[in-house]
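Number of protein chains: 2
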Amino acid sequence: MAGNDKKLVEQITSRDVDFAQWYTDVVKKAELCDYTSVKGCMVLRPAGYAIWENIMHGLDKRFKETGVENCAMPLFIPESLLNKEKEHVEGFAPEVAWVTEGGSEKLEEKLCVRPTSETLFCDYYSKIVKSWRDLPQVLNQWCSVVRWEKTTRPFLRSREFWWQEGHTLHETSKEAQDRTIQMLNIYADFCKEELAIPVIKGEKTAKERFAGAIATYTIEALMHDGKALQSGTSHNFGDGFAKAYDIKFLDKESKLSNPFQTSWGMSTRIIGAIIMVHGDDSGLKLPPRIAPVQVMIVPIQMEKEEVVSKAREILERLKKHGIRCKIDLTDKRPGYKFSEQEMRGIPLRIEIGARDIENNVAVLARRDNGEKISASLDNIEEEVSKTLDNIQSNMLDVASKFLDSHMSVARSTDEILSHLRENPGFVKAMWCGDRECEDKLKDLDGITSRCMPFEQEHLDDKCAICGKPAKHMVIWGKAY
Amino acid sequence: MAGNDKKLVEQITSRDVDFAQWYTDVVKKAELCDYTSVKGCMVLRPAGYAIWENIMHGLDKRFKETGVENCAMPLFIPESLLNKEKEHVEGFAPEVAWVTEGGSEKLEEKLCVRPTSETLFCDYYSKIVKSWRDLPQVLNQWCSVVRWEKTTRPFLRSREFWWQEGHTLHETSKEAQDRTIQMLNIYADFCKEELAIPVIKGEKTAKERFAGAIATYTIEALMHDGKALQSGTSHNFGDGFAKAYDIKFLDKESKLSNPFQTSWGMSTRIIGAIIMVHGDDSGLKLPPRIAPVQVMIVPIQMEKEEVVSKAREILERLKKHGIRCKIDLTDKRPGYKFSEQEMRGIPLRIEIGARDIENNVAVLARRDNGEKISASLDNIEEEVSKTLDNIQSNMLDVASKFLDSHMSVARSTDEILSHLRENPGFVKAMWCGDRECEDKLKDLDGITSRCMPFEQEHLDDKCAICGKPAKHMVIWGKAY
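Line by line, the protein sequences are chains A and B. By the numbering used here, the letter at position 122 of the first sequence is numbered 831, and the numbering carries on one by one without gaps. By the numbering used here, the letter at position 193 of the second sequence is numbered 902, and the numbering carries on one by one without gaps.
Simulated from the structure, these hints should not be mistaken for laboratory data.
With a straight-line cut-off of 27 angstroms between C-alpha atoms, the simulated DSSO-like cross-links for lysine-lysine are:
id: 1; chain 1: B; residue 1: 815; chain 2: A; residue 2: 793
id: 2; chain 1: A; residue 1: 836; chain 2: B; residue 2: 859
id: 3; chain 1: A; residue 1: 1029; chain 2: B; residue 2: 770
Fair warning: this is a prediction, and the values are worked out from it, not measured in the lab.
One chain only, chain A, in its complex shape (with noise of 0.2 angstroms):
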């Protein structure tokens, strides 16, 4: 049957050889997603829908000890309502999809498929928020969104990607501005807590700005091959949007009044910054809080009735105590199995023999630093409990001392370009504020302002850039 053990690992790319084609690999070995015959769309395949799944999980409960409710907005957006506000539409209209026929008859207005839902959201506010006492509105949905990519790549950029999406209404300036710096700041928690991967928060600059807002907040990962990707974004709309689209409300004074507004997402694009922050030479490497199987167990010698039994004994002792948990049965051999399952990224391998019943014991097999352990069965659960654990905590470590190790600081643009050449990550480097500044290093190697960061730092008195006197220190990288 099964072939040579190491079948699944040798076809592969190394990280090191070609991250890119490493990164396709990974994604289609791991079955996460794959292209279809409609261009530019992803299936999401079930193990990467169970990963979706968690994190939809985790961040609606987040979302929702903070007052957020959900609701559902249609998938078309009238192209005179997507119209309304300028900066907004100059966005996002040469990059939607249009439906302009619908039940064999040519639609009177074309229909874009949501690129997001902005225009949806003001359109129902304008309708139902009327006073005070009507505020504030905070919603979100979960559902796809559509941007005609030209050049796409799994989870990265696709022409439809899965997300969420929250828009809210305040009273008040400062609402709108707590609320979005709230979801940054859950946005951050997430990623670190749940997902192992430390992030840098910050404001980015207004060239990087979303179309229509007044400030747009940022969390940056850093990948393994040292670019970034924007993880998760918040936006203050100011009253802008409720400016153009009519929203008004009766506040205290019985003064008609446009209410502030803000919007917040994160994408599935966040499952390929698991793959590349933790994955390696053998495949994906699952953070045990997000894994949708966190222990697989693997008899060894299935011939042997009592082994197979008492792997079906852990399996229901380590379900009872809450833990994600899966029993290999199927012919092949253990060596393919171990292969297959560490592709897979699943965080802990339980394996089990007839010597191992006879001392009593289980070997663990932890996926991030491959680890061997000979656990007593007697407590197994707490065993494995605190081995996932420690998985967690360690593979957040190890991202966080990649991503330290990979911050550098300069002073003039060479520097910037030399840190970004000889140790590719992050650069803090003080900025003037200027647009010419971001698009010359852009022309000259690609390099984008990531953010300015909330923890600001004083490097020097000048832009590193043009000498001019600095105003903000920025974080500068390459991105996907």
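Fit chain B to the known structure of chain A by using the hints.
Here is chain B on its own, set in the frame of chain A:
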């Protein structure tokens, strides 16, 4: 402040005066969903979406217990892909929306927005299924689909609706048939246990079959106006789609075979059933198991601090007990709060005032039958749990009695017609199996065959419509 206590109630039409208007009023006043600027498309408002979330959660759990895995397919279907299965395309092509432009350019091939995803699952399966080891495939997705309806009604018929669609692939015809029935049973049990809606299970006649299926099974529920609502369907496709889409696998004898396929779906339509089965002239009535808020606590005399603090204490105790509970601390008058909560269908209200506290009790007011019970504060958690269970089972009892008392037996066309005029509901009658008899009832009075129920009875030897030898007992009715 809020004016007349009865304001909310007075604004809705009586159920017996104009059922259609009553339905629209409840949907609107209970803030379940609303029309949008996108013609024929709804927004599911938070109160409506929260019901859908509970439905999704409950069904998804049942699905997964039978081995179903979730995934996400693309939103679009290329025209050539849709066209591969002849009956299927004939059924759906007239009612789809077409994307013809993307990213400012005309597309080479137009894409329809999925009306259902058999074609996409087939395309996917044709790529990934190679051997009997890859079977069964038991996938499902939660998404919205689009059908370009001309006339629309909230939840019942709209251009976009939300649903789940399961698509499975099996080695044998028997396995496919078993899965088809298994999923129908899950729908029926779910309706009964969670939604307190009794349904009739049966097979659709050939005329009413899903486009491309060899057998379609349905659950049919009876609304308060005597009309039927098809509430969930499960289809057996045989190997027709597999042949059209070239899905093949090497079976255990190393022979190349076509697998057998099913699909099954339940949609936001079922929320319409909840409204129309249980609602009354005071508004919505939610079964406790599906209600987003099961209990609303209303402190009487909100100016008294000890009343509010006792109410909050009860809130915390109920929450700890796993009861979905809220407290109404708005400045509206109690009577207004009561009618608002009744409109929204909250199963149980707890009233608590100063005198109640003196007596160590609270008043439990049931939404289902209006009963008020005085409950000791000592064990209010148990009292509330028990009362919610009683409400749930009473709602199922009431709905089951309604169904039984609106089920007639007919032995002639005249009897079918007169029963449906005098006691609108379901009519059992024998049928010869010919489409002409179905067409005749449809032409005479818009009557359709709802299903050939699994529980067949021999009422007569002859078809009630044409007098030819009878083959099946059919349940007839008028339907949404």
